[in-house]
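J.: Residue-level listing of the chains:
Number of protein chains: 2
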Amino acid sequence: MKKITVVGIGPGEEGGMTLAAIAAMRECDILVGYTKYIELVSPLFPEKETFATGMKQETERCREALRLADSGRKVALVCSGDSGIYGMAGLVYELSGAFPEVEIKVVPGVTAASSGAALLGAPLTHDFAVISLSDLLTPWELIEKRLRCAAEAELSIVLYNPSSKKRKDYLQRACDILLEKLSGDTVCGIASRIGREGETSCVMTLAELRETETDMFSTVFIGNPTTKRIGDRMVTPRGYRDV
Amino acid sequence: MKKITVVGIGPGEEGGMTLAAIAAMRECDILVGYTKYIELVSPLFPEKETFATGMKQETERCREALRLADSGRKVALVCSGDSGIYGMAGLVYELSGAFPEVEIKVVPGVTAASSGAALLGAPLTHDFAVISLSDLLTPWELIEKRLRCAAEAELSIVLYNPSSKKRKDYLQRACDILLEKLSGDTVCGIASRIGREGETSCVMTLAELRETETDMFSTVFIGNPTTKRIGDRMVTPRGYRDV
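Chains A and B supply the protein sequences, listed in that same order. Number 207 in numbering that gives the first Met the number 0 belongs to position 208 of the first sequence; there are no gaps in the numbering. Number 50 in numbering that gives the first Met the number 0 belongs to position 51 of the second sequence; there are no gaps in the numbering.
Just so you know, the hints here were simulated from the structure itself, not pulled from any lab data. Errors might be hidden in some of the hints.
[Unchecked claim] No farther apart than 16 Å at their CA atoms in a straight line, the calculated lysine to aspartate or glutamate pairs in the EDC-like style are these:
1. B:Lys144 / A:Glu151
2. B:Lys104 / A:Asp231
3. A:Lys144 / B:Glu153
4. A:Lys144 / B:Glu198
5. A:Lys167 / A:Asp231
Use the sequences and the hints to build the structure in full.
T.: And the structure:
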């Protein structure tokens, strides 16, 4: 049976991996993934062959992974966080038509919304939206619309890819849109380098977030109007009859 | 040091647990949780003392967990899925004021959005909203507003708690709201009993979903307007320049 397993490894450290993710990597013939993620997992499986590609080479990477699986190799395609949330699982399915004999299995992982929330307190106890600020594959106008609707709906919001070298002001632009609907006092937080060296987290207001620089290793959390600051944590209550 | 660890165990089976979650349960003196979840984990740790409470006793359960930690016991408070997403982490923080010496640690887990998506294919490759249809702690009007805004924003949508014995028609009501904005052909899916006995998944249209009964063990996925059916899977593309 020809098989590819798309594995979510969680935020980075071994403790954040599920047993199923570890088993899938242990049982494969070859680990395929983005260079940085292969660097994270290959020390755990030093005997495994690896195939790594750089950023923005996702299509090539997924096609090569499918090709390897089609040639009879047991492939584990490694993704950080969850393999389904902005991960490679979708692209593998989209490319799979050319490889009809390859069976696809998706092993989910802990996404940055969950691992970042755990560092910051409990910002996602109630309904929320997950929105990427990367406009590489999404028109900026659609990102703006999603931000406006999420704020209008009083959802907590998690921002993936809040900025990068080429998109330095995107988080500020997003905050300006959110500030049309939300108070500057809205409780927010940033989790950075989750589960890796230099891990940090910081709680602040939306007005402060607007003035803060982040990078591509950060995940940003915007509370809903009921989110509170408790000590140095951000906490969203479950609902109106609570505590 | 007085300590409580709020542990997300993932969907249910051992393979879906992270190493950190297993370590937190192994290192605790007492496992606290909802009866069904304690039944899931206690066979893995047969020597551990347990304290279980029933549904809707969340506040009592969290307060007792904090009390036990304050008395010097090492407590692992067990949640299904992620401990932060509709989990007990928020309530523990809210109640923690009365137990200032207790340190709180949150260990995240794989939430049903991720584990259900993995069963169905890759519905969450792009931005999405997570909305609970339970109106126990949320006014139904706010749930309706969130559904409308999420559909307006062309977000994929994950519905937690889509129905229960007392809320039999809630999913149908939600579908009617979504159908104001979304086509009846929108690709949808249901994942049930994820990682447990009787696990199932099924892909269908939004029009079909409206006529489908679910239960409290199901998670419902509504695609965005670009979500496709590929074989028996639902797949949301990453963006407009893809494949």
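J.: Taking the hints in turn, state whether each one holds.
T.: Outcome of the hint check:
For the hint pairing Lys144 (chain B) with Glu151 (chain A), the CA-to-CA distance comes to about 9 Å; that is within 16 Å, so the pair holds. Between the alpha carbons of Lys104 (chain B) and Asp231 (chain A) the distance comes to roughly 13 Å, so the proposed pair stays at or under 16 Å and holds. Under the criterion of a C-alpha separation no larger than 16 Å, the hint pairing Lys144 (chain A) with Glu153 (chain B) is consistent with the structure, at around 9 Å. Our distance criterion of 16 Å between C-alpha atoms is broken by Lys144 (chain A) and Glu198 (chain B), whose separation comes to about 36 Å.
At most 16 Å may separate the alpha-carbon atoms for a hinted pair to count; Lys167 (chain A) and Asp231 (chain A) exceed this at roughly 27 Å.
Violated hints, in rising order: 4 and 5; the structure is consistent with all others.
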